[in-house]
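Chains as they are written, first to last, in the UniProt record's numbering: chain A, 1 to 327; chain B, 1 to 327; chain C, 1 to 327; chain D, 1 to 327; chain E, 1 to 327; chain F, 1 to 327.
Accuracy of the hints is not assured; some may be wrong.
It does not matter which identical chain is used: a pair holds within one copy or between any two.
[To be verified] Distance condition first, Cα-Cα at most 16 Å in a straight line; then the derived EDC-like pairs of lysine to aspartate or glutamate:
1) Lys130 to Glu201
2) Lys108 to Asp84
3) Lys176 to Asp158
4) Lys311 to Asp58
5) Lys221 to Asp282
6) Lys172 to Asp84
Don't read these hints as lab results, they were simulated from the structure. Just so we're clear, the structure is a prediction, and the values are computed from it rather than from any experiment.
6 protein chains.
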Amino acid sequence: MPDIIAFGEVMVRLAPPHFQRLEQARSLDLEIGGAELNTAAGLVRLGRSAAWVSRLPDNPLGKLVANRVREIGVSDQFVQFAEDGRCGLYFLEFGASPRASSILYDRKDSSVARAHRGMFDWPAIFNGAKWFHVSGIAAALSPGAAEVVDEAMHAARDAGVKVCMDLNYRSKLWAKDHAAEVMSILLPQVDALIASEADAEHLFGITGDSFTEVAKGLVEKFGVTTVVGTRREASLVWRNRFAAVGYSAGVTHESEWYEVEIVDRLGAGDALAAGLIHGLIDGDLKKGLDYGAAMGALKHTVLGDLPWLTKDEVEAAMQGQGLRIKR
Amino acid sequence: MPDIIAFGEVMVRLAPPHFQRLEQARSLDLEIGGAELNTAAGLVRLGRSAAWVSRLPDNPLGKLVANRVREIGVSDQFVQFAEDGRCGLYFLEFGASPRASSILYDRKDSSVARAHRGMFDWPAIFNGAKWFHVSGIAAALSPGAAEVVDEAMHAARDAGVKVCMDLNYRSKLWAKDHAAEVMSILLPQVDALIASEADAEHLFGITGDSFTEVAKGLVEKFGVTTVVGTRREASLVWRNRFAAVGYSAGVTHESEWYEVEIVDRLGAGDALAAGLIHGLIDGDLKKGLDYGAAMGALKHTVLGDLPWLTKDEVEAAMQGQGLRIKR
Amino acid sequence: MPDIIAFGEVMVRLAPPHFQRLEQARSLDLEIGGAELNTAAGLVRLGRSAAWVSRLPDNPLGKLVANRVREIGVSDQFVQFAEDGRCGLYFLEFGASPRASSILYDRKDSSVARAHRGMFDWPAIFNGAKWFHVSGIAAALSPGAAEVVDEAMHAARDAGVKVCMDLNYRSKLWAKDHAAEVMSILLPQVDALIASEADAEHLFGITGDSFTEVAKGLVEKFGVTTVVGTRREASLVWRNRFAAVGYSAGVTHESEWYEVEIVDRLGAGDALAAGLIHGLIDGDLKKGLDYGAAMGALKHTVLGDLPWLTKDEVEAAMQGQGLRIKR
Amino acid sequence: MPDIIAFGEVMVRLAPPHFQRLEQARSLDLEIGGAELNTAAGLVRLGRSAAWVSRLPDNPLGKLVANRVREIGVSDQFVQFAEDGRCGLYFLEFGASPRASSILYDRKDSSVARAHRGMFDWPAIFNGAKWFHVSGIAAALSPGAAEVVDEAMHAARDAGVKVCMDLNYRSKLWAKDHAAEVMSILLPQVDALIASEADAEHLFGITGDSFTEVAKGLVEKFGVTTVVGTRREASLVWRNRFAAVGYSAGVTHESEWYEVEIVDRLGAGDALAAGLIHGLIDGDLKKGLDYGAAMGALKHTVLGDLPWLTKDEVEAAMQGQGLRIKR
Amino acid sequence: MPDIIAFGEVMVRLAPPHFQRLEQARSLDLEIGGAELNTAAGLVRLGRSAAWVSRLPDNPLGKLVANRVREIGVSDQFVQFAEDGRCGLYFLEFGASPRASSILYDRKDSSVARAHRGMFDWPAIFNGAKWFHVSGIAAALSPGAAEVVDEAMHAARDAGVKVCMDLNYRSKLWAKDHAAEVMSILLPQVDALIASEADAEHLFGITGDSFTEVAKGLVEKFGVTTVVGTRREASLVWRNRFAAVGYSAGVTHESEWYEVEIVDRLGAGDALAAGLIHGLIDGDLKKGLDYGAAMGALKHTVLGDLPWLTKDEVEAAMQGQGLRIKR
Amino acid sequence: MPDIIAFGEVMVRLAPPHFQRLEQARSLDLEIGGAELNTAAGLVRLGRSAAWVSRLPDNPLGKLVANRVREIGVSDQFVQFAEDGRCGLYFLEFGASPRASSILYDRKDSSVARAHRGMFDWPAIFNGAKWFHVSGIAAALSPGAAEVVDEAMHAARDAGVKVCMDLNYRSKLWAKDHAAEVMSILLPQVDALIASEADAEHLFGITGDSFTEVAKGLVEKFGVTTVVGTRREASLVWRNRFAAVGYSAGVTHESEWYEVEIVDRLGAGDALAAGLIHGLIDGDLKKGLDYGAAMGALKHTVLGDLPWLTKDEVEAAMQGQGLRIKR
């Protein structure tokens, strides 16, 4: 009976080593990544149990993904192996100022994009769960996948399971108008929404002079309880400042800011979501933002999308334990 | 004005190092491979000039393929970069007895599979060329690709360019009946056909007690001038015996047999085809089989699909130069 | 409710790459290995469910072991994380004729060697299970570990769970007399015993002109139902012949022999045990030997101690499917 | 008919990974590098065509260099393979503050250093070209190489091809007086000169209070049309500020400054030269400095001496597109 | 007759590459490290001769350590190979802000921890030596090791050899009270003491408003001649500021401060000790601090615990030679 | 006072990994190798002491060579670091049947090739030594090097040190007539000569129906006491049979034959020489051949030119200990 259920796609990530360009590559380092799994993994690292629900091709790449889902401690018990579709891939090039990191997606026609309403037994999956987590990326994969998200959200609601959604608009996956339309259907089922001010404006025309104003706009429009955002100052690629901000019931909290030296920033926002849900399970947004900011900041320091961190490390960072070698 | 024109697909090949299974992989070695390119490259290594004609996606993977085509010395002047389609991939696991090596293809929807009649200016491409090389794989990619092969073969004929085709039936790409139908349209344009006895029987019902009998059947049915086959004895994965056999105008030639220690057997048949065409350019099938067998045998000893060999090495093997360290 | 329960130690294995000697090493490849886990993993690959029971230090190395246990698909739900003890290590040097491979153990004082009677809730663990698997290595770790093995075997018997033991005498871990004494206490609880003729003679003075005679001696002395052995012809390090042999109820079966090209022979016997138990679950020794020999033979071809194989591959080998590249 | 012709040496570059010292090394990463090739490659990346002219040993290292010249897209059609001479090498150690990066050259007796007047058919080579690029390093290789540079410059002038020279004084290769003497012969044929203020003073005694004054001195003394310099602020090894400055016809332009995180600064000046010539082809120094500064800045972020960048990336940097991950 | 004798433990250090967490690791980079050896090696790099005295297991890991001791140029002539004990190990995870680097020790029961009084022939070892160097870590390994340190210090005094000790309190190895007690016995034999203000307070209750005050307290209490400390400003993991400070005979000297970009900060303090002793051999504390700070700063830039630097590089850093590429 | 003195060149060896061709390489594995050092190292591994005498450039590559000489346990106390000359290199490609391994030398102008008579203080070097070892390669480096060999041989004779020479004719280094002339001057000082029948015929016209006849011819012509040869059957690259044969005082001995699986055959003959001298020190040619054959056979199984083996392993092979994993 996992505490958290996450639904979405996981891709195999392939990256040339040592800041090589993909064009030059003679080998690629292989990791896996997917927004919702990253968050589920973060929750497991914080001591929660979690299951990731998806659909993978029944081939070695699909198996590889499931293997590594289990490796980090997330349950794959609800994953379906399919004869149709392929395993999504993405190719990552690490950047350095003034060259941003870049991603080439090769994810069309994945098995999970071929999912459709009725494929998953959501009432069984949500039995005993506390939160459901999904991102806008899952809804963007295909009309079928969007219906599965909708189906899952309603089942979650029916089961008394709260819903967290990370808006995560990706223009490569769907057009703005389509995204806005689908999101407008989904968001009324959401309790906690993670969204950037840019996306709020781009998709819904919601603007404001501050995070709080935008958050209020989202609460008003969609009835969500909580709105959370990432704060990032990024004048360089290898060094940023990072924090979390959240609004609920009229109050805005901001976490500490962290100075981060960046090994791999992929998944930092998803790690933030993990800390957030860790707090929200206890009904404590402030706690969620504190854990989220610390976990998100720490995520920058480890290789891969997954947050290979311990609860002790997250709490040490929250307490400002310093940078001396731990012996 | 390249001597040889080859048309087909090149895929990015990704293989876990050290006999790891794909499921376990943490990194993948990256090579490129495609039957026709492998043959064109072999011809360049033997001192001929060659161009590879294809369609690649206009992204870093497509660029990577073109870079490495040029690196081995094959011209990419006729390659088209496309906005649509993706770069085909294949995942390779190296085996060891009693486990065969295995390949997972992820090549659907490639840019070249979206090629269609009229896309390439074949008369210009064949200007000054001597041979055109293509394999059954190219025709299997899609109906459009099959039409491009047909179009190219006719243009070759019109330009006085001879045609070599490697039958290379792949059941994963198309059904037997479909393949037989398409091949029956293409083969009448072919001068030199590379085919296994198994494929001859499977596709066309041509059988015989010997290679010669099967070859005669193919000559009779399709009007090809020359039929060539690979001989391989493979009771182990790391060590085989290898030779070439060919039939033309009533005479069958067999090359020397080579004892091969196998680093990477992908592309051995394509290297054989290179040696073959090298001889056929000079109108000498025996020479072609001798160079083909030596180059095919040597190909087993180098990493990747491409025949990174020199003409001197091929000729030394043909002369049985021995295995002492060359200093 | 896993089908199979296995108890034992897993060590972190560190091996220099490329046949380097440990003395020369600048990096070490990291795998995990432990006889009982290897077997449990093989059973999972054959479609059974399995849990591995042990005690690991609560530090990153202990976590690494558990991560990789889950990665291969074995449940770690009964693993205990301890404040005391360390993670056993072993250093492996790959050999080539005439130099045998060699292992340097550094496993003293491991957390599981500090296990003692009463630490594990065996009745709960065995609930719903079919077979219990353990090796003589587990009993050799410490007197406490030997008591845990004894405790587990009795609990298995009480729960109607059959017991398979791999004798696996290791002279570095305990003296012959001590081993004989402890084994004589344990073996009466065992249903299926895997043992070499050398160990039977060395520990118990049981000899014979054939495997059958030795097996009969073991059956007679300890009341085991089934005795199984590995057949190996090894005149080289990189190439062996491999088979399984078994005796039960008066009948001796021998599997096919496999010609193996050796990537990594560690864990081959444990993979054999997996195939064996797979058959014994169905009450079919012949099936067990056939799967065991095929799985053991195939294990030689993959890196690490764990049998990264599929049921399809095992069955293909049993059917002599050949060594052509699988596409 | 390439737009740009470059003449010079390319060396094989060997560098220990991970900031190891050469003394400690167990493996070396292999790249190629040479000032003029680096520039030619940069021009190809900006959409121009270019050929590199040189002389390489007819052995695998010479072949390797030619392979990689073609890989990046530069033509090797005018490269000569020689029986005499060797392939120059250089060994690179990456530094970190307060330890500078360092280079050990092993380039004596290279095949190109043995080049002499009359070896290259310059009128044919320059047929259709727009600019000729060479550096002071080429002239420093040997008296024969200096004569080849002189010969080429005159042939360029005769063919209406403009000449760009990067002064690039290297004290290890020749003495100041010798360099000054040779350069004084060559520079009157030069249209665009890249030079540092330090070299201008050291070789020619030309000083000034500003870049403009020094540039004016060079224009006056040698009749060059354009003088260009690199601006670099380097208080650390891993982070610099970088810009370009240029003077022509009484006007001095300075590009934007870029904050660079440094993966590999080798070839940054050569990349700047590529951008410069890209602008000068269009008769636009300002454009040349803008492209040069952006390309030079971006070059710091990729591995190897060659500028593996795209025109889009260069233009995005010029527009200050920011450091968000490009998806 | 080595100038410097050092006694202590060397461990094999195993670190996952690329900022991976140990939990994720598939390979580990192998270096060796031990405080006293690091210092001895630094002295050899500065032109002094040095021998390292210790006890290693007679197995490949012990041999590996001795091999690499010789590789860096330190004599292993006094090292004893033992049948008992193991080779200490430590596992290192590289950090990035806000995650500190961390170390997991697995060093219990090492051969040198089993050393005892009378095992080493100290009078012979000290014959001709000038300084003896040891750290508090050696004394912390075991009561026997502490006695060996005491024995060695007295033998050094008897032989007219000066003694340098780096206090280096490690709470994981021994309790504060025990450390204080043993140190109070040892320190009266010490001439030069390296100690942090934190350790001085923690172990001996010596406090002060400045380094000078604390140093005076240590001189007063234990009769040491010289007290030296490291200065480090560390608001990030990858970038620090670093200097040395020392007190003797009423005068306090501070070195230049160095801005360091950090590849590997392990052994920086030990490299500082090497520079210090280099100066103290000449009776010049100021020189010792200048060399110590430069060598310690430079040590941050090379991989491993050992100071792979040259005397020229150290002196260049002392002269502020700058960060241009050295060609 | 080392038992054995060896003089010769050591080169840095650079080899592409994984059977890549040099043309394709992106990284090179770095080892060192030199005939005489390889032999000296073998003697150290057998328990003798040895020093290697040579001349290295005073740069990081020269330092690297000396570091690794010490690492394997050979003394570098007599090595001179020179301002002139470079470090010899060789590039190795690993082969597989039917492609032999091949070597590209880049060793011209090395520091040791610039050595000349009077540079080394041979009487001091030979003080206390038992045998001097050198190969024909050292004499082939340059006239100066040949004179140094002559000088050393006479000094050895004067000091009562026996001389072992490995003829090792390399046609790339010198012409047959020149080699024959120089060797005819040197061989009269030699006690034990290692020579192939092919070289005996090629250089001196000495032929015979058997090794014994050829050996007698060499004894007769040059007055050497002992003649030793390698026996190798090599129908494949990865697997050979290997033995040693020797003649002295009218008696011919042949060692056991070993079946070898080949990781790296470079240095196998030099390892044989080490075993030979190990026996000859005890005046026992039979012992020398037995150790030589075993050590030479085992050398094939480890990476690099140096014989990273233990005396125990050599003796185990001599006793036919078998190929079971050593635990």
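Checked hints:
no.: 1; hint: Lys130 to Glu201; in the structure: neither (31 Å within a copy, 50 Å between copies)
no.: 2; hint: Lys108 to Asp84; in the structure: both (13 Å within a copy, 12 Å between copies)
no.: 3; hint: Lys176 to Asp158; in the structure: neither (30 Å within a copy, 51 Å between copies)
no.: 4; hint: Lys311 to Asp58; in the structure: between (34 Å within a copy, 13 Å between copies)
no.: 5; hint: Lys221 to Asp282; in the structure: neither (26 Å within a copy, 54 Å between copies)
no.: 6; hint: Lys172 to Asp84; in the structure: between (23 Å within a copy, 14 Å between copies)
The earlier numbered hints that this structure contradicts are 1, 3 and 5.
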